[in-house]
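Enquirer: Per the working numbering, numbering through the sequence shown is continuous, rising by one, with the last residue being 145.
These are computed hints drawn from the structure, not numbers from a lab. Where a beta carbon is used, it is the ideal one built from N, C-alpha and C, also for glycine. Worth double-checking, as some hints may not be accurate.
Calculated lysine to aspartate or glutamate pairs in the EDC-like style (CA-CA distance at most 20 Å, straight line) [unchecked claim]:
#1 K144 - D134
#2 K144 - D99
#3 K144 - D49
#4 K144 - E79
#5 K144 - D47
Label pairs and their computed distance ranges (CB to CB) [said to hold, decoys possible]:
#6 L130 - T97: 31 to 39 Å
#7 L51 - E71: 21 to 29 Å
#8 R94 - I35: 19 to 27 Å
#9 E79 - R41: 17 to 25 Å
#10 D39 - R6: 43 to 51 Å
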Amino acid sequence: MPEFIRECARRTGARLGRSTLPHVVGHGDWEAQNIRWKDGRPWSVYDWDSLVSLPEAAIVGAASGAFASAEVPSLAPIESSRIFVASYESARERTFTGDEMEIAWAASMWPTLHNARGEYLFRSAPVASLAVIDQGEERLNLAKA
Numbered sequence: 001m002p003e004f005i006r007e008c009a010r011r012t013g014a015r016l017g018r019s020t021l022p023h024v025v026g027h028g029d030w031e032a033q034n035i036r037w038k039d040g041r042p043w044s045v046y047d048w049d050s051l052v053s054l055p056e057a058a059i060v061g062a063a064s065g066a067f068a069s070a071e072v073p074s075l076a077p078i079e080s081s082r083i084f085v086a087s088y089e090s091a092r093e094r095t096f097t098g099d100e101m102e103i104a105w106a107a108s109m110w111p112t113l114h115n116a117r118g119e120y121l122f123r124s125a126p127v128a129s130l131a132v133i134d135q136g137e138e139r140l141n142l143a144k145a
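Model the full structure from these sequences, guided by the hints.
Expert: See the structure below:
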């Protein structure tokens, strides 16, 4: 696995590990194929083996990076992740604190880093890996990681 991806994973884990935010139970795999829609609204969520206990900001952040993925997992563009988190905050009627935003940005990397590792192990096309190389530094800077 490329050293840059390992370094991104280390920095992501270190930032998430410093969090003292309370945990909530939520879904941990918000890729598009795990959601069914009806009349333009989410109707059902699949893949509940991905149930997690994490800070709310980490769950939202992971979703902000993964929500655009369908058959081939990748990483949403940074601006799309920003809009995703802002939309969540609006729906929740609560703005994330600075610490929560950092956790969200760190967690936005975690599904893609997992997928990049899989690409390396299974010798797949480097879709997630290239996304990490392209966006990793900026996302980790936003996370202060």
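Enquirer: Are the hints correct? Go through all of them and say.
Expert: Results of checking the hints against the structure:
no., hint, verdict
1, K144 - D134, "18 Å, holds"
2, K144 - D99, "9 Å, holds"
3, K144 - D49, "30 Å, violated"
4, K144 - E79, "18 Å, holds"
5, K144 - D47, "31 Å, violated"
6, L130 - T97: 31 to 39 Å, "32 Å, holds"
7, L51 - E71: 21 to 29 Å, "23 Å, holds"
8, R94 - I35: 19 to 27 Å, "23 Å, holds"
9, E79 - R41: 17 to 25 Å, "24 Å, holds"
10, D39 - R6: 43 to 51 Å, "44 Å, holds"
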